[in-house]
Amino acid sequence: NAGVTQTPKFQVLKTGQSMTLQCAQDMNHEYMSWYRQDPGMGLRLIHYSVGAGITDQGEVPNGYNVSRSTTEDFPLRLLSAAPSQTSVYFCASSYTTGGRTDTQYFGPGTRLTVL
Amino acid sequence: AQSVAQPEDQVNVAEGNPLTVKCTYSVSGNPYLFWYVQYPNRGLQFLLKYITGDNLVKGSYGFEAEFNKSQTSFHLKKPSALVSDSALYFCAVRDGGGSTLGRLYFGRGTQLTVWP
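Heads up: the protein sequence lines correspond to chains A and B, in order.
Under my numbering, think of the first position of the first sequence as 104, with each following residue one higher.
Under my numbering, think of the first position of the second sequence as 155, with each following residue one higher.
Keep in mind that the hints were calculated from the coordinates and are not lab data.
Every value quoted in this text rests on a predicted model; they were computed, and no experiment measured them.
As a list, the in silico SDA-like pairs of lysine to any residue whose alpha-carbon atoms are at most 20 Å apart: (1) B/K231 - B/L242; (2) B/K176 - A/M144; (3) A/K112 - B/Y193; (4) B/K212 - B/N222; (5) A/K112 - B/P194; (6) B/K203 - A/G145; (7) A/K112 - B/G197.
Every beta carbon over 12 Å from chain A, so not counted as near; a handful from chain B, in silico: (8) E169; (9) G170; (10) P172; (11) T178; (12) D208; (13) K212; (14) Y215; (15) G216; (16) K223.
Ideal Cβ placement from N, Cα and C applies to all residues, glycine included.
Chain B on its own, in the form it takes in the complex (with noise of 0.2 Å):
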């Protein structure tokens, strides 16, 4: 069965360290993985996603993740978080196999805080 886990509920850091939200993931054939963020009383923006070639995907915002396919995992990163970066950040993977369309399937979420 598809599924997604963001481990952690909240992260938080200081304005210009580093971030990195995780994500793992359990999928049939090859993933497609999403990352999406949302603001405050919004709908759901896209990041970035990874389909195939080069491990580091770059999105918007200067977000950048990791597929690893060995450790199933998806982490999304920055090198230095602003404190406009604040929102609840989802992870998503939609299968590559043979199943229904390629549906989406969600984590429950990580609030993603920094702090001045």
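Bound conformation, chain A alone (with noise of 0.2 Å):
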């Protein structure tokens, strides 16, 4: 049981740049989310996905796009990169009981520069 697992751990991209970040977990989770980490600023919520097929925004989505066609994968898309991006990326997931979260588990992290 790997838990949630996420690819790379560190990239660098040129400002206008995209890429993907990969998030899978092997839990069987219905609920999956995207963090950014900032020095003082603790976690906020990018955009999140109650099922296959089922996603909504969070906190600060924009220049991010996801998608969720298994429960397994929510792979993050940065559609053109800004130095702005420049973050710590977390992915996390859990189940949910009667439609609502409980305890999230993390991946352990992108660290993503953008220049």
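Join these two chains into a complex; the hints should help.
Okay, here's the thing in structure tokens:
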């Protein structure tokens, strides 16, 4: 049981480039989410999904896209990278009870630098 | 609006002394409260949670937290700190009411340093 995995661990992009951060979980969790962590800001929710085919925006969705074609995978796409997107990105998943989330389990993170 | 406050950016304690990391919250409905720990260059690890029941919740690595509804607080405690407890600690709240599937709201984090 690997839990939540993320690739890559590190990435450097140039402004305007696009890329996809990968996230996978093997716990059969319905709920998956993406956060970004910036110094002194805590974690801010980018996008989340409550199941395959269902996604919604979080607190800071601009510049990011997501899709959820399977229960296991929840990739995050940066459409045109900007220096403001330099951050550490965490994927998390959770089972749901009565349609509501419980404890979220986090991946190891992707450290992204945009030059 | 839901929010979490961790009033201290840093907490420093000597090994063997008790530690407290403070958290207050604002949420609609009954709160679900969580503590997570983050070691350098790692993801967040779940420590403990309060959903209902006993106000004193015990978690991993000897940590516990006390839920105080009147003070809207959920402070993390440990009777005897270890150097290995040094890490970044996050408090999070999930509202128990009717909002968006119980989204988690995080505090800004408290850096705990335990010196030998």
